[in-house]
Every structure is written in C-alpha cells, then in structure tokens.
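Please take these sequences and the hints and turn them into a complete structure.
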Amino acid sequence: MFPNLSLPKCDRLQKAPFNRVRRCSKTSRSKNLRASEEETKKVGFATSPLPRYSIFGVASLCWLGAIICPSMAAGECGPAVAGVVTCNDTSNNPFADGITYASPGIVAINLGSGIILDRTAGTANVGVQLQTFTGAPAAITLSNGVVVNTSGLYASGVVVQSSGDMFITSAADIAVAVPTSIVAPTGVGTYGLQAWASDSSGAANIGIVQQANSSINVSGMEGIGIYSLNNGAGSATISASGSIGTAGFRGYGINAWNTLTTGGTTPISLTEQGTVVTDGEEAVGLYSLNDGSGDASISLAGQIETLNYSSDAAIAYITNASSAGNARISASESASVTTKGDISNGLWALNFGLGEVSVASGGTITTDGASSNGIRANIYNSASAGQAAVSMLAGARIDSKGTEANGILVNNRGVGASSVSLQARTFVMTSGARAYGISITGTGTASLRQEEASVISASGEQSFAANLTAAGYVDVNIAGVQRPVVFSVLASRPSRLPPIPMCLSDRAGRFQAGGRSTS
Numbered sequence: 001m002f003p004n005l006s007l008p009k010c011d012r013l014q015k016a017p018f019n020r021v022r023r024c025s026k027t028s029r030s031k032n033l034r035a036s037e038e039e040t041k042k043v044g045f046a047t048s049p050l051p052r053y054s055i056f057g058v059a060s061l062c063w064l065g066a067i068i069c070p071s072m073a074a075g076e077c078g079p080a081v082a083g084v085v086t087c088n089d090t091s092n093n094p095f096a097d098g099i100t101y102a103s104p105g106i107v108a109i110n111l112g113s114g115i116i117l118d119r120t121a122g123t124a125n126v127g128v129q130l131q132t133f134t135g136a137p138a139a140i141t142l143s144n145g146v147v148v149n150t151s152g153l154y155a156s157g158v159v160v161q162s163s164g165d166m167f168i169t170s171a172a173d174i175a176v177a178v179p180t181s182i183v184a185p186t187g188v189g190t191y192g193l194q195a196w197a198s199d200s201s202g203a204a205n206i207g208i209v210q211q212a213n214s215s216i217n218v219s220g221m222e223g224i225g226i227y228s229l230n231n232g233a234g235s236a237t238i239s240a241s242g243s244i245g246t247a248g249f250r251g252y253g254i255n256a257w258n259t260l261t262t263g264g265t266t267p268i269s270l271t272e273q274g275t276v277v278t279d280g281e282e283a284v285g286l287y288s289l290n291d292g293s294g295d296a297s298i299s300l301a302g303q304i305e306t307l308n309y310s311s312d313a314a315i316a317y318i319t320n321a322s323s324a325g326n327a328r329i330s331a332s333e334s335a336s337v338t339t340k341g342d343i344s345n346g347l348w349a350l351n352f353g354l355g356e357v358s359v360a361s362g363g364t365i366t367t368d369g370a371s372s373n374g375i376r377a378n379i380y381n382s383a384s385a386g387q388a389a390v391s392m393l394a395g396a397r398i399d400s401k402g403t404e405a406n407g408i409l410v411n412n413r414g415v416g417a418s419s420v421s422l423q424a425r426t427f428v429m430t431s432g433a434r435a436y437g438i439s440i441t442g443t444g445t446a447s448l449r450q451e452e453a454s455v456i457s458a459s460g461e462q463s464f465a466a467n468l469t470a471a472g473y474v475d476v477n478i479a480g481v482q483r484p485v486v487f488s489v490l491a492s493r494p495s496r497l498p499p500i501p502m503c504l505s506d507r508a509g510r511f512q513a514g515g516r517s518t519s
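Numbering (the numbering used here), first residue to last: 1 to 519.
Please note that the accuracy of each hint is not assured.
[To be verified] Between beta-carbon pairs, the in silico distance windows are: (1) Phe133 - Thr261: 21 to 29 angstroms; (2) Gly395 - Gly105: 52 to 60 angstroms; (3) Thr86 - Glu272: 40 to 48 angstroms; (4) Pro94 - Glu461: 57 to 65 angstroms; (5) Gly145 - Pro79: 51 to 59 angstroms; (6) Pro79 - Glu272: 40 to 48 angstroms.
[As the list claims (entries may be wrong)] Subject to a maximum C-alpha distance of 25 angstroms in a straight line, what follows is the list of computed DMTMM-like cross-link-like pairs (lysine to aspartate or glutamate): (7) Lys401 - Glu333; (8) Lys340 - Asp399; (9) Lys340 - Glu305; (10) Lys401 - Asp368; (11) Lys340 - Glu272; (12) Lys401 - Asp279; (13) Lys401 - Glu461; (14) Lys340 - Glu281; (15) Lys401 - Glu305.
None of these hints come from the bench; they were simulated from the model.
Even for Gly, the Cβ is constructed at its ideal location relative to N, Cα and C.
Now the structure itself:
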C-alpha cells in the first residue's frame, strides 16, 4: 500500500496535477483498471490505462456461428498444388465474392501482382481468407500490386486462422470500410490484416509483415489495421513498413494481443518507412497487449500521429499480475510521435505484473492537449520489485503543451526504483498551467540524472521543471539547464539533492529551501 504522503504546501504547488480520470465509455470493459479519483489525489498517481477490448474478427464470428454469414465462395483461384494456391490470373478480377479456402490440405495462398479484389458490399465480407486446423503452418502472401477492397458490417481484408503457426506477408493496398449509415455493435471491429491462433491448448506462433510502399486503411468503430490475436501459448508478432490509417472510435493501427496466461511475447515493430495515423476518439497507434507471461514490446523507428481525444500513440501493456514479463518501448532517432487530443500519451509502458517497465527514446515526441504526457511509465502491482525507467537518448526531444501536461511521467506502486535519465543534447519542454517537465512518483527510490547540454523546461502557472515524490531515497544529479530552476521534492528519507531552488518536504512536514532534505 502506498504510504499516505501529504503534498508539499508550497505556494507554487497547490495539488498534484494527476487527479484526472480517463473517460470510460458506456460499453462493458473486460477489467476495471481505474484507480479512484480520491486515491489519485492523495498519491499523485495518474489513473489507470485504456482497457483492452474483447474484439474478434468477422471470420472468427462466422466460424464460431456467432453471426449469420453469407455463403463462402471457394476455389476461386483453382486447385492447390502441393497444398499451395497460386493466384495470378487477372481475368477473374475483381473477385467480387472474395477468395476463400478452407480445405485441410491447403496451407498457403499466394496472390500475384495485378490481382484485384473488390467485394460487393455486404455483412461479414472478407477479401481473402484461409482456414486450416491440421497443425501445419498456414500462410497468405500478397504481392506488390494486389488490391483488396471490402465494405460492410464486420468486413475484413485478409484473415488466416490455424491451429499451427501462421503468417501473413502483404505488399498490397487494402481498404476496409463500414458505411457511415451502419452503427456497429461495440466489441466487434473491422480489420485490414488479421491472424488468429484460436486453439488455447496449442502453442502456435503468429507473424504478420506489412512491406514498404503498401497501405492499409480501415474505417468504422474499433477498426484495426493489423491484428495478431493469439489464444494459445505462442507469440504474436507484427512488423510494419507501410502506411496504416484508421478512422473511427477506438481504432487501432496495430494490435498484437496474447490472451492466455501462459502465452508468449507480443512484439510490434514499426520501421523507419512505416507510418500510422488514427482519427477517432480513444484510438491507439501501436498496441502491444499481453495477458500472458512474456514481454509486451514495441520498437519504433517510423511515424505515429493520433488526431483525437484520449488517443495514445504507442502502448506496451502487461495485464497478468503473476507475469514476470517486461513492458518495453524503444524509439530510435528517426521516430516521430504526435498526439493532438486531451488525455493522450505519446509512448506508454505499463505493467500490472511483477516485471519492469522501460521507455527509451531517441526520437521526437509532441503532445498538444490537456493532461497529456510525452512519455509515461507505470507499474501498478504493489508486489513488484521491478524498475520503472525512462531514458532520453542523445538528440531526443519532447514538447508537451496543455494544462497539467507532463513531458515525462513515471509512477511505480511497487517497491522497485523509479528513474529518469537524460543524455546530452536532449530536451524536455512543457507549457501550460500546472505542467511538469518531469514527474517521478514511487514507493521505492526516485532518481533523476541529467547530463550537460540537455534542457528541462516548464512554463506556466504553478509549473515545475521536475517533481519527485518517493517513500524512499530521492537522488537528483543534474548538469544541464532547468527552466524554471524549481523542483518539487517529497521524500520520507534523507536524499541527495543539488543546491538549487526547491520546494522540499519530508513526511514530518519540514521544509528546506535547497540542498539536502531534512531528516
């Protein structure tokens, strides 16, 4: 349990700027992860994350008999040869009924350049789908020059389901749309590329690759550009180098999800050529979600932009309380992240398990909205000894604008350390009332390291360059520039602090103008 620490009663600090509650939609959630507003006010922790959503693809629903599906055409590209279907005949364009194979002997579908699928609009339409449960690997490959267009409620572009390993490789241009006249039920979305390992007793692995110079555009409620869903003990892996766009409420650019408690990893990679743009409330650009025992990780070298309220660019999220897995995000020098709505996060790693969270950024992050954060790292399990760490690599920059905005926000409810480090030539800039450049809160130790030629800046009423609150030791080692040169520090143990203007408090309520805190 987090100790009942009182906030320092400085003139410039009236309250912790984290007493906001993420808006919860009227739809059912799989877990109630939000902390109470009262608790948030007491300890300065931000509220809990965007929950996961119980969403399955149209093919899933058809195979499970959850909805009435239209008749599936089969064999549109002719018979398989050694289990492989090859489709190069463009005379059958536009394949208005799609391409579907569900024979136990077929393990791969290859579409050649020039193949066009333009499905007649209708419920549960899928452009290309492969279903096999023999345990053999299953794969769909779409060459450059392939076009897939589908439209209708529960529509999807490409779907593969198998009891064995499965792979999708796409260089195609894919568009999936739900007509604006249709209001889709919450919890069921549309997908550009989807692979589903549905066997919870299996250990199938999923791999989806979107190649450069290809595109995926999805519209409608809870639409997902690329979706890797693993109900077994294997991993769900996605790599994207093309462009992805979603338009609609809770749209995800990329989602890798492992639902089994013993499941593997959920890595997502957006390469330097890759771009993701979401336009809709409560959207996420990249979402690595792990209910299993492995890591949730994101590697970012491309560009992400979210355009609406409560929309996060990238989330790595571990939900399993007994998992030792780590939630990690790394962004290279070429990475660019932009959010344009209130209550939005640039890069967010969070862990309800026993492992660590870490975010390392060498790129550029820009947030414009109240209560938004450039980088956020959270551990929510009080039994965790894991560290919550944020690293700004040389050349990295964060610009956060808005009331109660934060450049970097680190919260650790476990007993492990909380830390932020800034290498040379890094910038953390915030502007807005009650804005913090860096905020570190934890039940263990809290530390801030700043190298020379780096800048922490906060402008606005009651704004601080840095805020450190810890039940343990607080360690501040700064060599760069802070604007204003004012820190807020609350610690329950004697701490090592620099001789700069500070608002200091210990648990006994004693204050000191600078240097070491009182004991």
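Here's how the hints hold up against the structure:
{"no.": "1", "hint": "Phe133 - Thr261: 21 to 29 angstroms", "in the structure": "23 angstroms, holds"}
{"no.": "2", "hint": "Gly395 - Gly105: 52 to 60 angstroms", "in the structure": "54 angstroms, holds"}
{"no.": "3", "hint": "Thr86 - Glu272: 40 to 48 angstroms", "in the structure": "32 angstroms, violated"}
{"no.": "4", "hint": "Pro94 - Glu461: 57 to 65 angstroms", "in the structure": "60 angstroms, holds"}
{"no.": "5", "hint": "Gly145 - Pro79: 51 to 59 angstroms", "in the structure": "24 angstroms, violated"}
{"no.": "6", "hint": "Pro79 - Glu272: 40 to 48 angstroms", "in the structure": "41 angstroms, holds"}
{"no.": "7", "hint": "Lys401 - Glu333", "in the structure": "22 angstroms, holds"}
{"no.": "8", "hint": "Lys340 - Asp399", "in the structure": "12 angstroms, holds"}
{"no.": "9", "hint": "Lys340 - Glu305", "in the structure": "8 angstroms, holds"}
{"no.": "10", "hint": "Lys401 - Asp368", "in the structure": "5 angstroms, holds"}
{"no.": "11", "hint": "Lys340 - Glu272", "in the structure": "22 angstroms, holds"}
{"no.": "12", "hint": "Lys401 - Asp279", "in the structure": "20 angstroms, holds"}
{"no.": "13", "hint": "Lys401 - Glu461", "in the structure": "13 angstroms, holds"}
{"no.": "14", "hint": "Lys340 - Glu281", "in the structure": "11 angstroms, holds"}
{"no.": "15", "hint": "Lys401 - Glu305", "in the structure": "16 angstroms, holds"}
Hint check: violations occur at hints 3 and 5; the rest are consistent with the structure.
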